[in-house]
Amino acid sequence: MKPVLLCVALLCLLSLIFSSLPAHAQGKLEKFEKEVKNESSKSDDHGGHHNDDFWVEVIYDIVSGDHSGPFFKGLISGAWPTEWQIHNPYFWTASYSAYPYAVPRKGRFLHTGGKRSAVNMTGHYFHESKALHGYSLWSRFSASPFLNIETHITGMTEKLGTDDDYLVFYDVYVNYLRVRHENVVFWYGAGMKSMQGDDTHHGPAMTTGLEIYAGRPVSLYGMINIGRLNAQAVRETQMRINLHLNRALFYAGYQRFAVGRVAMNGVVFGAGIYF
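Residue 1 is where the sequence shown starts when you use my numbering, and the numbers rise one by one after that.
Quick caveat, the hints were computed from the structure, so don't treat them as lab data. Among these hints, one or two may not hold up.
When the alpha-carbon atoms are kept at most 27 Å apart in a straight line, the in silico BS3-like pairs for lysine-lysine are as follows [claimed, not checked]: (1) K130 x K28; (2) K28 x K159; (3) K34 x K159; (4) K159 x K31; (5) K34 x K130; (6) K130 x K159; (7) K159 x K37.
Work out the full structure: start from the sequences and follow the hints.
Dropping the structure here:
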């Protein structure tokens, strides 16, 4: 009888323990979405209005300043300093190579003799933990060496016991390729970011990035974009090392998504192709 009573007592104890646990544990994706909804930070003193005032003041100072003309001329034209004889002499002729290192010691751009349009696509796997992982697909279409259209979709999946949680990001940007050197490319752009979970949020976004072609077959890549969703700044950062093999691209690196006090950090492994 003692073993039976012991088993009954153990079962009662386990039932009490499990009944005290929440039926649905809150995962990181749910916390991320709640942060965007501002549900976890409504009582914060440092709300979004102060950030809005800050950016309004910064933009006003730039536009109303005595040097706003040269500033915007440099920002848009690529001539910086604004004396034309000092700016990059290949500003108008720089164009795309067939693929990075198609010409020895030269990356994505050639000073002369390249093509005026290009397309490339990449995709990677994101891994933060056994429970949280995802995928990302990117494309860039350039009808001109000065501009490209960048789109990407990132889907996250998190296992929570017997349930799965999902979160998807959509991004579209028009980028201005500010520096088109044979070994360095720097860009910035503006567009839209969307996040789809239990609810869907849309907002304006900005992005900037840099790629350095250190020597065949390697390049170093970094980018950041910030979208404004429901008055919250949603940030995405990516840093990676690329391996170029003719038209093929293989890479590994780090990716981070953050909003407020919640962040998702993970390693990425991916591949791509140049057309």
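Checklist entry - So which of the earlier hints does this model not fit? => result Going through the list in order, the structure violates no hint and respects every one.
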